[in-house]
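Line by line, the protein sequences are chains W and Y. The numbering used here applies: residue 1 is where the first sequence begins, and numbers increase by one. The numbering used here applies: residue 492 is where the second sequence begins, and numbers increase by one.
Derived BS3-like pairs (lysine-lysine); straight-line CA-CA distance at most 27 Å:
#1 Y:695 / W:78
#2 W:262 / W:274
#3 W:68 / Y:695
#4 W:68 / Y:618
Because the hints were derived from the structure by calculation, they are not lab data.
Given next are the chains, with one letter for each unit.
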Amino acid sequence: MALFNTTSWSLAFKLSLTITAVVTSVGFLIGILMVVQDWKRFQNDLAEKALLLSESISITAPKAMLRKDYWSLYLSLKNMASKGPGARSEHEITDAMILDAEGMVQAHLHPAEHPIGLLFSPRDEDDKALFREAMTVRTPTVLSSGDFSKDGFQEGVVPLFSDQKYLGVVRVRLSVASLFEKTMSTAVIVLLSILLFVIIGSLLGTIVSRRVVGSLTAITRGLEAVGRGEMTDFSPIPVKEGGEIGRLSVTFNQIMSELAEKKMLEEEIAMSEKLVALGRITAGVAHEVNNPLAGLLNCIDTLRKHPNDKVLIDRYLPVIDQGLHRIKDIVHNLLVGLKIEESVEMITTGQVEKLHDLVLAEIGEREIDIIWNNTTDRDLFIPGKTEQIICNLLKNAVEIVPENGIVRFNMHQRGTSLVIEVSDNGPGVATNIRNQMFDPFFTTKPNGTGLGLWVVYRLVQSMQGVIEVKSEAGKGTTFLIELPVIHRRAA
Amino acid sequence: MRLCILFLLFWITPIQAASADTPIRFGLTAVVITENLRFLDQWSQYLEHKIGRKVEFVQRRSYREVMDLLASGAIDFAWICGYPYIQAKDLDLLQLLTVPIYRGSPHYHSYIIVHESSPYKRFSDLKGRSFAFSDPDSNSGFLYPLALIAKRGETPENYFRQTFFTFNHAETVQAVAEQVADGGAVDSYIWEYIAVFRPQMTEKTRIIKKSPSFGFPPIVNRVGVDAGTVSQMRRTLEEMVDDVSGKQLLDSLKLDGFGSYADSLFNEIRALEHAVQKTNPRHSVVKTD
Chain W
1 MALFNTTSWS LAFKLSLTIT AVVTSVGFLI GILMVVQDWK RFQNDLAEKA
51 LLLSESISIT APKAMLRKDY WSLYLSLKNM ASKGPGARSE HEITDAMILD
101 AEGMVQAHLH PAEHPIGLLF SPRDEDDKAL FREAMTVRTP TVLSSGDFSK
151 DGFQEGVVPL FSDQKYLGVV RVRLSVASLF EKTMSTAVIV LLSILLFVII
201 GSLLGTIVSR RVVGSLTAIT RGLEAVGRGE MTDFSPIPVK EGGEIGRLSV
251 TFNQIMSELA EKKMLEEEIA MSEKLVALGR ITAGVAHEVN NPLAGLLNCI
301 DTLRKHPNDK VLIDRYLPVI DQGLHRIKDI VHNLLVGLKI EESVEMITTG
351 QVEKLHDLVL AEIGEREIDI IWNNTTDRDL FIPGKTEQII CNLLKNAVEI
401 VPENGIVRFN MHQRGTSLVI EVSDNGPGVA TNIRNQMFDP FFTTKPNGTG
451 LGLWVVYRLV QSMQGVIEVK SEAGKGTTFL IELPVIHRRA A
Chain Y
492 MRLCILFLLF WITPIQAASA DTPIRFGLTA VVITENLRFL DQWSQYLEHK
542 IGRKVEFVQR RSYREVMDLL ASGAIDFAWI CGYPYIQAKD LDLLQLLTVP
592 IYRGSPHYHS YIIVHESSPY KRFSDLKGRS FAFSDPDSNS GFLYPLALIA
642 KRGETPENYF RQTFFTFNHA ETVQAVAEQV ADGGAVDSYI WEYIAVFRPQ
692 MTEKTRIIKK SPSFGFPPIV NRVGVDAGTV SQMRRTLEEM VDDVSGKQLL
742 DSLKLDGFGS YADSLFNEIR ALEHAVQKTN PRHSVVKTD
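This is chain W alone, in the form it adopts within the complex (with noise of 0.2 Å):
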């Protein structure tokens, strides 16, 4: 069915066909008009020379009709039917015949159908009607078949008048028979040529269409392979002609380059900025570790130099603990996430409600309202990394509202999705920083290491979830995060 449908043939293929069916139509036009004024000529042509056939009999009949003489009546019409040797055949005598005032036969061309003395006798209805038509007729005249067939015929109908007194009629009858074969083979022959035409016309239209319609093609590629985002490796659309598709070409050829630069750009600068975060990242974690680094080499030095030294054993091993279980921390954070942290930990989503006692602790004398939501069934299994996501959001808001602020938890399922949502009335996060907010040791806080977005970016990312954040400048943020998490319950 595609086939017949119009809106999906290629623009080549609609321009040739078009091109085919004017050229078949004007051809067509040009050939039907042709053969009708052919047909028309030989048809006047035939009436008149049918007429003069008629006249030039009527000359010598009415002496011999007189006389009685019907062998030279007969003869006259004998020999002008007679074909000689050098005679055109163009026109065919298939009747000749002299009629007296009252129809009775005086010669006829086929006197063994129409004997002399006899009423002459037609053959059909038509012909008798025509019989009578011709009997009335007092001037020269032509009677025609009229229609376009082989049977047709063209009469030339001349009264005969002997001192003014009617005497009778001579009719002759030319068949259009070979001027109908003529007719035929000019149109097959101008049908034939129309052919011919169609033919070269179809093969010049598909070679101009395919011309025209190539640049065409190759710029709707080019837009496709933009659609796809594939421009580096566009090639230039050669340009083959002038007007508005040579035009139209050499435009698209410079949209698709500066195009291309663009993407070629863009990429660079995304490039860079992966290499900025990845110096920031080096920076942070040099400073990070670095920090803690320093005291604790102080703390050996010290007590390598006072290898005895209670005092100081005791006042420098929790120092050095506590430097080292801060790089600890810091290299677990940056690894959240991956693989080697991945763990397969379960927990019921019902406890996630002891985080609500952890905010609380947390808040401690601060004037903060927690309006607390979970609207989740308690019996649901969740990665138990979920708790440490909805913790880190719920610590930066608590940190980042002032007083009288709200924080609001809401947890609800969705289909096979939990979507959590922690909002605050705080300060809204800076436009300026918002495509930062989630790097690594990125933060805004003084004490802060710039890693709780991170893991809460990493978890959501691992558990192939999404995060929305919404922020408006003094009027909070909004985390909404899905995660497609929900698999069984607890038994």
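Put chain Y on the given structure of chain W with help from the hints.
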């Protein structure tokens, strides 16, 4: 009229006799196929060679025209039908010169012919049909069928639906062959001649009646042609059979030769004319040209 003709005869004859350059004019009628011009050239050359004077053949459409030429002295000799011969003989306009011998005798017949596919078997079947006569002055082509009708006490106008003259035996055969006429009367010699040279035409006709024999259309000379020329012509024609080229010409004519016969050879035609005139004295006023 007669005086006029006599005057003409006296006036023309001395000139003709005096001048050997004056051609001998020979009239031909439909009793012989006159279409073969090459044959007529050969024959006139033959006669010229034998007689030593130029011989010209003169052709006219009807017997009557030839008879008029003969009467007016415009021609000296003529090959005419037996019927005009007996008519003119009575007026002392001409003399019997010699008679062709056809199939061993100076006789021929009249054939009543119909189309080969027609149902007509006898002459009476043609009553109410169309009929083609050859020439109003022809014995075989007109007088004989006229006599047949006269015997029944009728006239051609009543007996046949339509009649017409073709003025030519060959065309009468054509008229019947092409069914322009249902029947026709022709000279047997001409019919047989056509049967040899154009058999496709005679094949389309059928003879339903053959007349008794009549004297063959004779060659006559005008009264007043000098005796020398007359006897020379008679001798030349009658001696054609004796030399090769003469024989060839006779073969072309399908004749055995020429011979001298008494005027009584045409008595049968005279009897026919007599019979017709008795029944229908008006027949001789049949309109022709």
